[in-house]
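Residue numbers (my numbering), protein chains in the order written: chain A, 9 to 88; chain B, 16 to 283.
Wrong hints could be hidden among the right ones.
Cross-link-like lysine to aspartate or glutamate pairs, in silico, EDC-like; alpha carbons within 20 Å at most [said to hold, decoys possible]:
{"hint": "1", "chain 1": "A", "residue 1": "Lys51", "chain 2": "A", "residue 2": "Asp65"}
{"hint": "2", "chain 1": "A", "residue 1": "Lys76", "chain 2": "B", "residue 2": "Asp107"}
{"hint": "3", "chain 1": "B", "residue 1": "Lys181", "chain 2": "A", "residue 2": "Glu66"}
{"hint": "4", "chain 1": "A", "residue 1": "Lys61", "chain 2": "B", "residue 2": "Glu184"}
{"hint": "5", "chain 1": "B", "residue 1": "Lys227", "chain 2": "A", "residue 2": "Asp15"}
{"hint": "6", "chain 1": "B", "residue 1": "Lys52", "chain 2": "B", "residue 2": "Glu85"}
{"hint": "7", "chain 1": "A", "residue 1": "Lys45", "chain 2": "B", "residue 2": "Glu187"}
{"hint": "8", "chain 1": "B", "residue 1": "Lys227", "chain 2": "A", "residue 2": "Glu88"}
{"hint": "9", "chain 1": "B", "residue 1": "Lys189", "chain 2": "A", "residue 2": "Asp37"}
{"hint": "10", "chain 1": "B", "residue 1": "Lys102", "chain 2": "A", "residue 2": "Asp65"}
{"hint": "11", "chain 1": "A", "residue 1": "Lys44", "chain 2": "B", "residue 2": "Asp216"}
{"hint": "12", "chain 1": "A", "residue 1": "Lys76", "chain 2": "B", "residue 2": "Glu85"}
{"hint": "13", "chain 1": "B", "residue 1": "Lys181", "chain 2": "A", "residue 2": "Asp65"}
{"hint": "14", "chain 1": "B", "residue 1": "Lys211", "chain 2": "A", "residue 2": "Asp15"}
{"hint": "15", "chain 1": "A", "residue 1": "Lys45", "chain 2": "A", "residue 2": "Glu88"}
{"hint": "16", "chain 1": "B", "residue 1": "Lys102", "chain 2": "A", "residue 2": "Glu69"}
{"hint": "17", "chain 1": "B", "residue 1": "Lys211", "chain 2": "A", "residue 2": "Asp53"}
{"hint": "18", "chain 1": "B", "residue 1": "Lys183", "chain 2": "A", "residue 2": "Glu19"}
{"hint": "19", "chain 1": "B", "residue 1": "Lys181", "chain 2": "A", "residue 2": "Glu69"}
{"hint": "20", "chain 1": "B", "residue 1": "Lys211", "chain 2": "A", "residue 2": "Asp77"}
{"hint": "21", "chain 1": "B", "residue 1": "Lys183", "chain 2": "A", "residue 2": "Glu66"}
{"hint": "22", "chain 1": "B", "residue 1": "Lys227", "chain 2": "A", "residue 2": "Glu69"}
{"hint": "23", "chain 1": "B", "residue 1": "Lys109", "chain 2": "A", "residue 2": "Glu87"}
{"hint": "24", "chain 1": "A", "residue 1": "Lys58", "chain 2": "A", "residue 2": "Asp37"}
{"hint": "25", "chain 1": "A", "residue 1": "Lys44", "chain 2": "B", "residue 2": "Asp217"}
{"hint": "26", "chain 1": "A", "residue 1": "Lys73", "chain 2": "B", "residue 2": "Asp216"}
{"hint": "27", "chain 1": "A", "residue 1": "Lys73", "chain 2": "B", "residue 2": "Glu85"}
{"hint": "28", "chain 1": "B", "residue 1": "Lys211", "chain 2": "A", "residue 2": "Glu19"}
{"hint": "29", "chain 1": "A", "residue 1": "Lys73", "chain 2": "B", "residue 2": "Glu184"}
{"hint": "30", "chain 1": "B", "residue 1": "Lys211", "chain 2": "A", "residue 2": "Glu88"}
{"hint": "31", "chain 1": "B", "residue 1": "Lys211", "chain 2": "A", "residue 2": "Glu85"}
{"hint": "32", "chain 1": "A", "residue 1": "Lys41", "chain 2": "B", "residue 2": "Glu131"}
{"hint": "33", "chain 1": "A", "residue 1": "Lys76", "chain 2": "B", "residue 2": "Glu187"}
{"hint": "34", "chain 1": "A", "residue 1": "Lys73", "chain 2": "B", "residue 2": "Asp185"}
{"hint": "35", "chain 1": "A", "residue 1": "Lys76", "chain 2": "B", "residue 2": "Glu56"}
{"hint": "36", "chain 1": "B", "residue 1": "Lys181", "chain 2": "A", "residue 2": "Asp15"}
{"hint": "37", "chain 1": "A", "residue 1": "Lys76", "chain 2": "B", "residue 2": "Asp217"}
{"hint": "38", "chain 1": "A", "residue 1": "Lys76", "chain 2": "A", "residue 2": "Glu66"}
{"hint": "39", "chain 1": "B", "residue 1": "Lys190", "chain 2": "A", "residue 2": "Asp77"}
These are calculated hints, taken from the structure and not from any lab test.
Bear in mind that the values here come from a model prediction, so they are computed numbers and not experimental data.
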Amino acid sequence: MSGKSPDKCAEYMVRPILACSNGENIGLDLPNKSSKKGVYIMKEDASAGKLTKGHTDEAIESCWKTTKDVLHRAGIELEE
Amino acid sequence: MCVKNDIINNIYIGIGKGIACRLASEGFQIIAVGRQKEGREAEVLDYLQQCTNSGISSNSSSSSNEIKHEFRPCNAFELSQVQQCSKDIVNDHKGIDALVMTQGMATIQGFTPTSEGTDEKLTLHYWSRAAFANCLLPSLRSSTNMQGGSVVLSILSGGVHSPYSKYKEDPELKKSYSIANAANIAGYYNDLFFDKLAVQDDNSSINFVHGKFQVRLSLHKFVWYISHISSLDQSFFFSVPGVCCKQLGNRNASVAPYTNKRNAKDVR
Chain A
9 MSGKSPDKCA
19 EYMVRPILAC
29 SNGENIGLDL
39 PNKSSKKGVY
49 IMKEDASAGK
59 LTKGHTDEAI
69 ESCWKTTKDV
79 LHRAGIELEE
Chain B
16 MCVKNDIINN
26 IYIGIGKGIA
36 CRLASEGFQI
46 IAVGRQKEGR
56 EAEVLDYLQQ
66 CTNSGISSNS
76 SSSSNEIKHE
86 FRPCNAFELS
96 QVQQCSKDIV
106 NDHKGIDALV
116 MTQGMATIQG
126 FTPTSEGTDE
136 KLTLHYWSRA
146 AFANCLLPSL
156 RSSTNMQGGS
166 VVLSILSGGV
176 HSPYSKYKED
186 PELKKSYSIA
196 NAANIAGYYN
206 DLFFDKLAVQ
216 DDNSSINFVH
226 GKFQVRLSLH
236 KFVWYISHIS
246 SLDQSFFFSV
256 PGVCCKQLGN
266 RNASVAPYTN
276 KRNAKDVR
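With the hints as constraints, model all of the structure from the sequences given.
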């Protein structure tokens, strides 16, 4: 089994934070390059990754509703 | 602190520690959040201070005394605790620059309910992360130290998981639990949820990132790890403005801060 040491892995993972702290570009492309907003996917080497083929508007809304229900049961209200 | 510990520290625990230490060395104030354990708070704070000092040492214009790290006890298996912990942080810190979530567990157990009825594994890998991010949004929006915007970083399986096809029929994985489905739903929901937050106008100043980590693990240790079923890292942390969120220069953050291991039986 291969991989990186935790320290090396951490070094990659902090890059977006340090970049934003310095006022630089976050260093990642959005998975949907035609969009200006969205979640960034970051691979283990701090390069940009992709969303799954199942990343649809319908799935997003379903996930949101489920999350809203689960958090509500714990007394947490999701902001709309 | 965790050097004495076993393989668990070398994997999941390591990444949270490594990130906290790296950011501390860059001048960030760290609020470490994790399960309460005797002596843990002092251990964590001491370690983080060492990380800060390692970054300060070559910058004579700054003082490590200006940075006071914090440890907040919280059992992320209980969403109500996540909510309370978040509320306390928001009350104490108006602005938060970054939220990093690495809590997780590797297990071959089936659906195992928490006291609130959600699956343990999914709670750490997704529900608690959604709860933390949601509850901390007010402070993340108020960040003024990050010129490029504040950052929410959820480290799990970005880019490598598959979709979970039964999100309509079994959205909480109560009927179709399997190791593969448990892995996929957590990564899938992280993508979907944070994408939804990212497009909301109120969150335009926040960057949402789903990361994937890969750490070294020998086959021997992997077998040991899986056979012992449990292990997790509930260490996630935030940097808080007002103290010292400006970089102090590039330093090498070697080791990492703190350790957190448990047996799944502990919470049942």
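Hint-by-hint comparison with the structure:
1. A/Lys51 with A/Asp65: Violated, at roughly 23 Å.
2. A/Lys76 with B/Asp107: Between lysine 76 of chain A and aspartate 107 of chain B the Cα gap is close to 26 Å, so the pair fails against 20 Å, i.e. violated.
3. B/Lys181 with A/Glu66: With a Cα-Cα distance of about 13 Å, the restraint between lysine 181 of chain B and glutamate 66 of chain A holds, given a limit of 20 Å.
4. A/Lys61 with B/Glu184: The hint holds at about 19 Å.
5. B/Lys227 with A/Asp15: holds (14 Å)
6. B/Lys52 with B/Glu85: OK: lysine 52 of chain B and glutamate 85 of chain B at ~15 Å, within 20 Å.
7. A/Lys45 with B/Glu187: violated (27 Å)
8. B/Lys227 with A/Glu88: violated (27 Å)
9. B/Lys189 with A/Asp37: violated (35 Å)
10. B/Lys102 with A/Asp65: Violated. Lysine 102 of chain B to aspartate 65 of chain A sits at ~31 Å, over the 20 Å cutoff.
11. A/Lys44 with B/Asp216: Answer holds: lysine 44 of chain A to aspartate 216 of chain B is near 12 Å, not above 20 Å.
12. A/Lys76 with B/Glu85: violated (30 Å)
13. B/Lys181 with A/Asp65: holds (15 Å)
14. B/Lys211 with A/Asp15: violated (31 Å)
15. A/Lys45 with A/Glu88: holds (17 Å)
16. B/Lys102 with A/Glu69: violated (26 Å)
17. B/Lys211 with A/Asp53: violated (25 Å)
18. B/Lys183 with A/Glu19: violated (38 Å)
19. B/Lys181 with A/Glu69: Holds, at about 14 Å.
20. B/Lys211 with A/Asp77: Distance of about 16 Å is within 20 Å: holds.
21. B/Lys183 with A/Glu66: holds (10 Å)
22. B/Lys227 with A/Glu69: violated (24 Å)
23. B/Lys109 with A/Glu87: holds (18 Å)
24. A/Lys58 with A/Asp37: Holds: lysine 58 of chain A and aspartate 37 of chain A sit about 10 Å apart, inside 20 Å.
25. A/Lys44 with B/Asp217: holds (15 Å)
26. A/Lys73 with B/Asp216: Roughly 19 Å separates the two Cα atoms, so the pair holds.
27. A/Lys73 with B/Glu85: Violated: lysine 73 of chain A and glutamate 85 of chain B sit about 34 Å apart, past 20 Å.
28. B/Lys211 with A/Glu19: violated (28 Å)
29. A/Lys73 with B/Glu184: Roughly 13 Å separates the two Cα atoms, so the pair holds.
30. B/Lys211 with A/Glu88: Status holds; Cα separation ~10 Å.
31. B/Lys211 with A/Glu85: Answer holds: lysine 211 of chain B to glutamate 85 of chain A is near 15 Å, not above 20 Å.
32. A/Lys41 with B/Glu131: Roughly 39 Å between the alpha carbons, so the hint for lysine 41 of chain A and glutamate 131 of chain B is violated.
33. A/Lys76 with B/Glu187: holds (12 Å)
34. A/Lys73 with B/Asp185: holds (13 Å)
35. A/Lys76 with B/Glu56: Violated, because 33 Å separates the two Cα atoms, which is more than 20 Å.
36. B/Lys181 with A/Asp15: violated (37 Å)
37. A/Lys76 with B/Asp217: Given pair lysine 76 of chain A, aspartate 217 of chain B holds - Cα atoms ~18 Å apart, limit 20 Å.
38. A/Lys76 with A/Glu66: holds (15 Å)
39. B/Lys190 with A/Asp77: holds (18 Å)
Checked against the numbered hints above, the structure violates hints 1, 2, 7, 8, 9, 10, 12, 14, 16, 17, 18, 22, 27, 28, 32, 35, 36; every other hint is satisfied.
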